[in-house]
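Take the two lone chains and join them into the complex the hints point to.
Taken in order, these protein sequences are the chains called L and R. In terms of UniProt numbering, the first sequence is residues 1 to 294. In terms of UniProt numbering, the second sequence is residues 1 to 443.
Careful: at least some of the hints might be erroneous.
[Unchecked claim] Heads up, incomplete: computed chain R residues facing chain L, CB under 8 Å, no partners named:
hint, residue
1, A106
2, Q123
3, L127
4, L269
5, I271
6, Y273
7, D278
8, S413
9, E416
Source of the hints: derived by calculation from the structure; they are not laboratory data. Only a predicted model underlies this, so the values are computations on that prediction, with no experimental measurement involved. All residues carry an ideal CB built from backbone N, CA and C; glycine is no exception.
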Amino acid sequence: MNRTKREINYGMFILPALLFYVLFCVYPFVTMFYYSVTDYSVSKQTNLDYVGLRNYIEIWDNDLLLYGIKNSIVYALLMTVFQTAFGILLAVALDKKLKTRNILRSVFFLPAVFSPLVIGFLWNYLMSTSDFGLINQGLTSIGLSKINFLGDSDLALYSVVFTQLWQWTGWAMVIFLANLQSISKDYYEAAEIDGATASHQFWKITLPLLQPSVSVVAITAMIGGLKVFDIIMSLTNGGPGNATETIMTAFIKTSFSEGFYGYGAAFGVVFFVAVLLLTMLLMQFLRKWGEKIA
Amino acid sequence: MKRFKALWITLLILAFGVAGCGTSKNNATNSATADTSASVSQSASPSESQSASPAEKVKIRMAYWNKESTVQNLLDLIKQKLPNIELEYQFIENSQYDNIVGTQLAAGSGPDIISIGPPAASQYSKLGYLADLSTLADRFNEAGTSVYSVDGKLVALPGISWFEGIYYNKEIFAKYGLKAPTTFEEELQLHEDLKKNGIKPQAMGAKSFEPMMKSSMGLIMNEFLSLPENKDFDVKYGKGEITLEGNWNAGLEKWSELIKRGYLTKDMLGIDYDQALDEFATGKAAMWESGPWALDTIKQKNPNIQLDMFPFYGSKPGPGWLIGGPGVGFSANANSKHLDAVMQVMDLIATTDGQKAFWENNQGGSSYLKGADFEMPAEFDGVKETFKAGNVYAPWNNWGGNVSGVIQDYGKSLQELLGGKSDVSSVLKATDKQTARIIKLNP
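Bound conformation, chain R alone (with noise of 0.2 Å):
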């Protein structure tokens, strides 16, 4: 009998517990946006508590998908800044932040700060979870600003940029006379030129669908995206009002040559990005496409290469185009309670100070904000006048929302175009295809 008592104890705990899960929950989701008179009136006496003075610190939250170490100069600004401000730093990992954060703002709570993506932006704009922050748009270039406007908006403030080129070993270059080309023709020859002295031109992880996307773009962005008749090319597209198909044909015909000529071959589908960076860090391969943040592992793996980088080329010498944009974007929650304190913080990250501390915890990429220039590491030398240009730029940025499915659709089709099972045509209708469903269901 005794042991039964014992058991109907055990479930009245665990009925109580069960119910204390609901009450904490309750007061989490509180806490999110209650008034931090409630986070000072822990720590401070209470008289002190009871006279509630501008003094008093305020408590917001800032969410991001990136380690705190990778924004710890920023935060330390803010600290030291605005003393007044108590920022409280929240990871949540990349593959559950959007879906996290999503139904928290749909709940009307979510973050104060909000570290969000150009797709994510333009969905959370829509549904009205975002502040206006057009009052600090002219002091960043229309590049940053484009991809997070909303109509006519400044919807969050971009951050510093992400980018990729094409990698390309110096000594390789130097041992047969080669030097980094101007144009698409001069690098197919220089494909050919490098495989007749048997080395493999270009390494490339295709196992993966982004970087013949990206490759592909690149040559697209010169020949196509960049004429001013196209201008409004993206937007229309991510609206449905215009196809791939029909417009894109001929870059990505060109584009094709690097398969037609065996530059990029049918191999590259069983290598990954980790064992097509060994290739050409080892000195295995001479080219390969990717951004800065793979510089670290090149050197790990061999601290004796000399590597700089070119952009994407076009049939006309210029600039050339990197693929890249805002890597992050920091938006205002429109709900929350301290908007005051949230837009006192957002002030601070668009100033010069401001980019330069989370830019040094985020080197390589550069700044949209006016007048902030910040020395780029030597291995980017090549890609300067690219930067200098404002040539730095994702097409999908401006498809709207729910863009991954689409962009992982063209980069699929490409690998059946690479594995001799499509052609470019199919290759557009496909991507079209996906845009196409995904616009008809997005409500």
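The shape of chain L in the complex, shown without the other chains (with noise of 0.2 Å):
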């Protein structure tokens, strides 16, 4: 009887933030699934009507949607591939005894603190192809053409995506440290006892046992590419054309700009259906990656 008592008194302590949780996650995200069903729109906001699928219908007819679809799944697959892969490297690299270890940690996660849309704008100005722009004032003044990474439809998203692992493989490498940090030199030793070199090292012991930080980083990776919006706002808002739209931005613009708030919700769902299953896929092959070197 205590222990239920006690049970109860210290579930007490987590109502407030339940409840809030409740009413502004919890209950807006299930009434998604209510929305996208119905006519609910800028022009039509009472007295609702059922129009079953035709909003999932119609998101394959618009083009911004499938454009952004697109972009989104390639900017989160480069994310996460290079993110993971640049942060173990750097991590690896500055974890060794250097002098100067302790300042280029710092420099290099120094860009995770700003916001992307301080980013954006200066990587705006960075990139631009006026003569304001700094990168393409240095490649012109060594006598070579200009770049237009920004303005280049074969070119912006990756430009995007390269600003994005300059201010977040910093991030990644502070976790991939810490999860170095906890690794035993005692395999290390033995392993060089053994006559392994430090490329055997590498990939027989290291990568291996940092199998639990590639997991945080990847899916974080992952999920954050996906809903990836503020550094496309500030940066190329969606352009040229429709080559830097992504899944976010093409939900904003349809759900708000326009006011189909019943299509922007089917959409709404459409998008945590992906995710879920993106990120189920990644977290099977994560898990069987742990299982094969356990």
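Here it is in structure tokens:
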């Protein structure tokens, strides 16, 4: 009896947070499913009618959303692979006994403390093709031609990815460093006695034992990549054309600029399912990798 | 045990707090439309409030997406001329304006005076949210009333117009013996002459979808939309009865000469509005398309710049056209509890005094009120004839509601055209597709 009473009393501690969570997170999320099958829009906010799967069917007829889905998947995959890879390389390099390692760790981590909007406006000027664009000014001063980083539709998405790798690789590095420091030095000593090279040590000891942090970084990068919004708005606003539209920019434009809330809700449901599936696939892959090395 | 008692007390307070939030929300909703006796009773003595008389102030609310300073003189005038009315000004941030006001109106409340754009005016009017202002329609020019009329009724008073033309640097023009064009062909030649002299003819922040969208429509207004047989084209287009493909092709092909001849270049897709403004203000480019709102910034960057503006031209000489329209309309909430007071304010706005007060905080535009002629800054001397002819128009204002996606798609398709990834026909077909989708989704 005392135990139950105690559990209830402790449970009460989380009630305020739970209340707000349900009110501002669970409730809007659940209503999204309801609105996705109605004709809810800026022109019709009361007496909503059930429209079946009409909103879901319309998604596949909207070029903006289709470009958004394609670009988001490319962006998320590139971010997941390169942020993880560069983060590991940087962490391994800065785990060595270098005199400058603390300074270098701070330097590489520093971009992560800024808002993506600040980073966006900064790179917008750096990559500009106008005479004020620092990078292109440098290129032309050494006799090279300008590169239209953000205005060339074949290049723009990759330019955005580059800025985000520059910003977030340092953050991934910190996660990997924490993991690296938990790996016992005994493994390396034993490997050295057995004659293993540095490369062998990395592939056979370091990388497998980094599996827990790789899971964290990869899944965070994948989810963050799929819902990228702020950096796109500040760097390209989805352009040129639809070259850098992502799921979230397309979602905001469709739902709020055009005012078709029911349609936007349907897209939200599709987005939720897509993120769920991709994350599950990635987790499955990482789990299998973990089991293999266990 | 004391700790748990404290926890229970905290929870009780929280529960009352949440309940309190609900109550205060209701109060807030009610206060938006509540009888003003409540507000009077707060300031007046009980005996005064009991003897409700016409001398009591009626409190009404006005919502706008611009800061109060942009209507300060108008608010002062209302205070002075209508002492029986207390106007509460509510600023709502632009990006959320339509969502907030739309939701309030759907709930049967909302501001008494609604600042509104043409697409929203069309939507709200069809939903019965806006009062009929047709009794004031005769005081305004048709160019202003046409965009705020729905089914023959005036639903908002047109405010001061916004407009965009092409700024040019008079010093650069004088240096090379050039003058402002009078046709599109002369404009092309002007670009060529500047280019030959090593001057970038035109700065353009094509990273945004807007400048090419407006520039091309400027030519199409001259070549196609101003023809008598196309008078109803935009209204028909908004209803899905007609398409751009097959109608705008010739005009857009002609405009695309700016791209084909290398005056608008791919590198402009990497330049935004601010950077283009910098290029023009610092004399690195001779021309730049924009409006009066940019003038202060240009002069801050280069106080010595000498500039003027010319409108968009077509093949034939004439006054040309400016892209623009009523920047904001003032509408009355049909469900307002104080419609009489609201109509008094509307009546005041529809006078020369009212228009002048609003214009004083929004200089550069012109009034649609008949007989209201305010002195334009000298930097717009080159477009005086265009204003006199009443040639200020934005086609999408007559395309009905939800047009932001359509004009964005059109502008983005033009970015693809500039980037060499599309052609004129594809641009128009993509825009038509978006329009058809929006018409289909509208209830």
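Legend entry - Interface hint outcome for L269/R [beta carbon to chain L under 8 Å]: It holds, given that the least Cβ distance between L269/R and chain L is near 3 Å, below 8 Å.
Legend entry - Hint status (Cβ of I271/R to nearest Cβ of chain L, threshold 8 Å): Status holds, d = 5 Å.
Legend entry - A106/R as an interface hint toward chain L, with CB separation required under 8 Å: Holds. Min distance 4 Å.
Legend entry - Interface hint for Q123/R, Cβ within 8 Å of any Cβ on chain L: Q123/R check passes; min Cβ-Cβ to chain L is 5 Å, inside 8 Å.
Legend entry - Restraint outcome when S413/R is required to lie within 8 Å of chain L by C-beta distance: With Cβ-Cβ at 7 Å, under 8 Å, it holds.
Legend entry - Hint status (Cβ of E416/R to nearest Cβ of chain L, threshold 8 Å): holds (4 Å)
Inset, instruction - Against chain L, run the beta carbon of D278/R and see if the smallest gap drops under 8 Å. - result: holds (6 Å)
Legend entry - Cut-off 8 Å, beta-carbon criterion: hint that Y273/R touches chain L: Status violated, d = 11 Å.
Inset, instruction - Would you settle whether the hint for L127/R is holds or violated, based on the nearest Cβ-Cβ distance to chain L being less than 8 Å? - result: holds (6 Å)
Checked against the numbered hints listed earlier, the structure breaks hint 6 alone; every other hint is satisfied.
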